[in-house]
Amino acid sequence: MGIKDFAVRCWRTFSRPSVHFSLGFLTLGGFLAGVMFWGGFNTALETTNKEAFCISCHEMKENVYEELKQTIHFTNRSGVRATCPDCHVPHNWTDKIARKMQASKEVWGKIFGTIDTREKFLDKRLELASHEWNRLKSNNSLECRNCHSAESMDITRQNPRAAKMHETYLFTDQKTCIDCHKGIAHRLPDMRDVPPGWTGITSSAQ
Amino acid sequence: MKIRILLAAFALVAALPVLVAGAGAADAPKLPSGPHPMVQDVPADPMPREIVDDVKRTRNYADQPPLIPHAIRDYQLDLNVNKCLTCHDRKNSEGAQAPMISITHFQDRDGQALGAVSPRRYFCTQCHVPQTDARPITGNMFKDIDTVLRGKEGGK
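Protein sequences, first through last, are from chains F and X.
Each residue of the first sequence is one higher than the one before, starting from 35 at the first, in our numbering.
Each residue of the second sequence is one higher than the one before, starting from 196 at the first, in our numbering.
Honestly, the hints are just simulated from the structure, not real lab data.
One or more hints might be untrue.
[Stated by the list, open to error] What follows is a set of in silico ranges between Cβ atoms, one per label pair, in the way DEER data are often shown:
1. X:Phe337 to F:Glu166: 46 to 56 Å
2. X:Pro260 to F:Glu161: 51 to 61 Å
3. X:Asn255 to F:His165: 41 to 51 Å
Every residue, glycine too, gets a C-beta built ideally from N, C-alpha and C.
Chain X with its partners taken away, still in its complex shape (with noise of 0.2 Å):
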């Protein structure tokens, strides 16, 4: 009997982390495709919505990317054609109205001003990415430079 009791107790021990656990992924931060077991079928959630105002976005510093304000679907990218630079190579930018790539983009990595586009900067969404209407898995707390430096002011 003694013994019993005790094995149901270790049972309830050993199941104890589990149900915790159970318990505690209700409120974890949900996971597009957070681990759940292999042989489960999770249905998966819907495409955010690509954002598409042709907006320009602040740049949280002054080195990073622009963003891609519009949609990019089937925008050919390889050797035979770059379908970012018909609008926004300097030859395009009038005819298409569109923003012409940075100065640094004709530089090669020692500074020398090339004739046309580096060949380094040829592949456009290496840095510049498109945006959609996703909610962010995690909070950020990334400051830019200019509340950085208010902040210290006023604790002065």
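Bound-form chain F, shown alone (with noise of 0.2 Å):
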């Protein structure tokens, strides 16, 4: 009955005109207070959503951006290069929220230290790197697309294989980017089980 009471007294105060404040300090300070909240918020998002956030970690620094420092992501002739948040956060607004709420789990992991060393984390690795292939190929590789257009891609200025394969699986949507594209910015896990997006067999030794 407590709790019934208690938020029954919470309408009445709630619903009744203010007393003691007048009416315009209340909608200018709403407004102001809104205005606070919502600067910080974002600050606050956009501050996790940096390469120097995400590498403030040593599971992410001494693993995944060690490996990335070698590929072509990262450095190249033209000097663009893609950051964490590039291509592991969505940049569509509520798709990004959405995936901040997921990332909650990665707060547990680094609390609970699932992948503090070097051997738990290459254990993990297939794991990790399944959800990422999962994500990407159910957004039809959304990340790889805000920079890679199929659209803006001029096969003619490709290797007559790369034109090739794009022309046979990309353009007919037959295949999206990350069917082939594995194992680009980071080093693959065993992939045993996991096949190249062109034969759909797996390539295992066995």
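Hints given; two lone chains; assemble the complex.
See below:
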């Protein structure tokens, strides 16, 4: 009964006109508080969306970031580079918030040291990679396409091998980027049971 | 006075090989990392460009491992995955339209047929290498078997 009484009392206070504060104070104060809250929220969101934040954990800095540094998404002839959130966080606001909520599991992992050694990380790599592959597969490789669009892709400038593959699998929507381009920015786990995109049969040596 | 001239002559004789070697070094083939004093900071030559035209090269002899006519940057080749085999393995060659690795790669060293790539053939880049447009440091007088045979017939 206590909770119900409390709720009823709160509602009475809330639904009655204010006795002490003016309408102007309440509207302007509410507006300013809203601005401050939203600004603060967005700033916090953007801070956690920076590479510096990602690699402030040794798990990321010593494993995946070290691997990224050797790949073409880190160093290349044109000097454009992808940072962690470019590929791992959706740019669209609602999708971004959804991903951030999922990331609370990663905070849990950090607190309890799920991958706090290289060995633990390697053992878990297939599972972690599978999460990302599935995410990119289900959103049609959205994060890839933020930079690489099929419309702007000039296959006459690609080598014949790449051009043919893109013509056969990408332009016909048979496959999406991640089906073939796995492990482009990090080392791969044991791929025995993961077929290459163009085959659908496992490349296992067994 | 005489002693001084003698000393000067000695010094000249001693310096001669160095001077000659210095003059000769200009004509010598330019080595990418040839001998130079350790303390000297010699700028590195630009990296040659990879050949990525996908055109098969003639082999110099029948047993030569075919060259790789495409880029293999970041290709992972370890216990977890063999990136080359994701196209060139028997199962994947149709989807990738890549040449299948030779039948010899499916045999152990006694010639016994295996169901999959032999472990001793697993590390592709031990034998197969990509090429760059770097110019050879020295010339090569290699002649293939046809040229050699033709040469003999001509001599007869």
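Here's how the hints hold up against the structure:
1. X:Phe337 to F:Glu166: 46 to 56 Å: holds (49 Å)
2. X:Pro260 to F:Glu161: 51 to 61 Å: With Cβ atoms ~37 Å apart, the hint is violated.
3. X:Asn255 to F:His165: 41 to 51 Å: holds (48 Å)
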